[in-house]
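The listed protein sequences derive, respectively, from chains W and R.
Just so you know, we're using the working numbering here: the first sequence kicks off at 9 and counts up by one.
Just so you know, we're using the working numbering here: the second sequence kicks off at 127 and counts up by one.
Warning: the hint list may mix true and false statements.
What the hints assert, rightly or not - Subject to a maximum C-alpha distance of 27 Å in a straight line, what follows is the list of computed DSS-like cross-link-like pairs (lysine-lysine):
#1 R:229 <-> R:195
#2 W:17 <-> W:91
#3 W:17 <-> R:195
#4 W:65 <-> R:195
#5 R:195 <-> W:91
#6 W:65 <-> R:229
#7 W:22 <-> W:91
#8 W:65 <-> W:17
#9 W:17 <-> W:79
#10 W:91 <-> W:65
Honestly, the hints are just simulated from the structure, not real lab data.
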Amino acid sequence: DGGITQSPKYLFRKEGQNVTLSCEQNLNHDAMYWYRQDPGQGLRLIYYSQIVNDFQKGDIAEGYSVSREKKESFPLTVTSAQKNPTAFYLCASSGRLVMNTEAFFGQGTRLTVV
Amino acid sequence: SQQGEEDPQALSIQEGENATMNCSYKTSINNLQWYRQNSGRGLVHLILIRSNEREKHSGRLRVTLDTSKKSSSLLITASRAADTASYFCATDGSGYSTLTFGKGTMLLVSP
Numbered sequence: 009d010g011g012i013t014q015s016p017k018y019l020f021r022k023e024g025q026n027v028t029l030s031c032e033q034n035l036n037h038d039a040m041y042w043y044r045q046d047p048g049q050g051l052r053l054i055y056y057s058q059i060v061n062d063f064q065k066g067d068i069a070e071g072y073s074v075s076r077e078k079k080e081s082f083p084l085t086v087t088s089a090q091k092n093p094t095a096f097y098l099c100a101s102s103g104r105l106v107m108n109t110e111a112f113f114g115q116g117t118r119l120t121v122v
Numbered sequence: 127s128q129q130g131e132e133d134p135q136a137l138s139i140q141e142g143e144n145a146t147m148n149c150s151y152k153t154s155i156n157n158l159q160w161y162r163q164n165s166g167r168g169l170v171h172l173i174l175i176r177s178n179e180r181e182k183h184s185g186r187l188r189v190t191l192d193t194s195k196k197s198s199s200l201l202i203t204a205s206r207a208a209d210t211a212s213y214f215c216a217t218d219g220s221g222y223s224t225l226t227f228g229k230g231t232m233l234l235v236s237p
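So that you can see chain R by itself, here it is in the shape it has in the complex (with noise of 0.2 Å):
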């Protein structure tokens, strides 16, 4: 079962944009994840944020987290090509013991 949805699927940008990612879930969470995976990679957490929450920070990231719309949002300011990668939210699965995922935004960054 999938929790997380993101949206768009695939977003493309130019280098210098700022690109915004959003997940949408549908029960109550402790706590929300954003991923990221390198073409054929592993994937790499970013950034935690809790349901009490509503704004993080974490260099250029910015996650914001709407628990009334059941909804987080991630913004990639000034991006890079080195940005190009698959974005993943994760939220609590079974038991709070377990990641669930969505199926990702693509982004593309062109220089």
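Pulled out of the complex, with its shape left as it was, chain W reads as follows (with noise of 0.2 Å):
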């Protein structure tokens, strides 16, 4: 089946750690986009990556890395510098101009810092 998987499905991490969130998808779509979403606040767009090993800040990037190796992968590194980590986290993907076609979602990651 096609499709896009994150994984966990929730993630706890404890203060000053670092914790990375997996995202993978076989659906052979170039681009690759991170959104944070918390309660009444919709999306918001932290990275996106248009192409393997390259990728572009969104409007919430401070404390969160992501590298792109693969065309297939896209995981993002919640570092110890994001003072409030605790969200839920969506992964899509989709063809190169996401304007023209729609994008699918994995089913989430909710962290949690404890």
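Hints in hand, dock the two standalone chains.
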């Protein structure tokens, strides 16, 4: 089945720790995205990548890092510099120009700081 | 930056009624998309309407776009309890290579 997979579904982080969220797609999409969702805030763009080995900051990139070494994979690291990381994280993928095509979303990772 | 803003924030109706949600945006767009999100899940694409289109249908969904008013509406006809979800509009983001989402409308359909 083609799709986009995020793991884990739930993640707990201690203060000061870095954690990495996984996102894998087998849709042969060029573009991948990370969004953060807080209650009542909608989706905010963290990072996006249009092609392997290239990525761009979104609206709220501070405290996050990404890599795009393979077309299928776009992991997100939440670093200790992110002061309020508790949120629901969504990964998406699409064709190169997402304005002309639909984006496919994973089922999300809920990150909680303990 | 959030381009689209949905209205109302929340909507509660009975099964069989129609539900209308609105989206307003600030700058010119190429296309506008609507997505649905069930609680605690990822978003699912519903429909894409291009800037040169005024209306589009998909099953029980009807989307309109008024570029002069910078607004769009999503109508769900004959709603069902299974339509309970949040609905988001999305517009072109930076360099047309990203989507910018509004805060969404939370729809509750009661049996």
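For the pair supplied as a hint, residue 65 of chain W and residue 195 of chain R, is the alpha-carbon distance within the 27 Å limit?
31 Å, violated
Distance restraint between residue 65 of chain W and residue 17 of chain W, which requires alpha-carbon spacing of 27 Å or less
Given pair residue 65 of chain W, residue 17 of chain W holds - Cα atoms ~24 Å apart, limit 27 Å.
Measure nothing beyond the straight line between the CA atoms of residue 229 of chain R and residue 195 of chain R; if it is 27 Å or shorter, mark the hint as holding.
With Cα atoms ~19 Å apart, residue 229 of chain R and residue 195 of chain R stay inside 27 Å; holds.
Does the structure keep residue 17 of chain W and residue 91 of chain W at a Cα separation of 27 Å or less?
Roughly 21 Å separates the two Cα atoms, so the pair holds.
Could you grab the alpha-carbon distance between residue 91 of chain W and residue 65 of chain W and see if it respects the 27 Å cut-off?
18 Å, holds
For the pair supplied as a hint, residue 22 of chain W and residue 91 of chain W, is the alpha-carbon distance within the 27 Å limit?
Roughly 12 Å between the alpha carbons, so the hint for residue 22 of chain W and residue 91 of chain W holds.
Take the C-alpha atoms of residue 195 of chain R and residue 91 of chain W, compute the straight-line distance between them, and say whether it is at most 27 Å.
Violated. Residue 195 of chain R to residue 91 of chain W sits at ~39 Å, over the 27 Å cutoff.
Check the hint pairing residue 65 of chain W with residue 229 of chain R against an upper bound of 27 Å on the C-alpha distance.
Between residue 65 of chain W and residue 229 of chain R the Cα gap is close to 21 Å, so the pair holds against 27 Å.
27 Å limit on alpha-carbon distance, applied to hinted pair residue 17 of chain W and residue 195 of chain R
Judged against 27 Å, a Cα distance of about 40 Å means the pair is violated.
Given the hinted pair residue 17 of chain W and residue 79 of chain W, is their Cα-Cα distance within 27 Å?
22 Å, holds
In summary, the numbered hints that this structure violates are 3, 4, 5.
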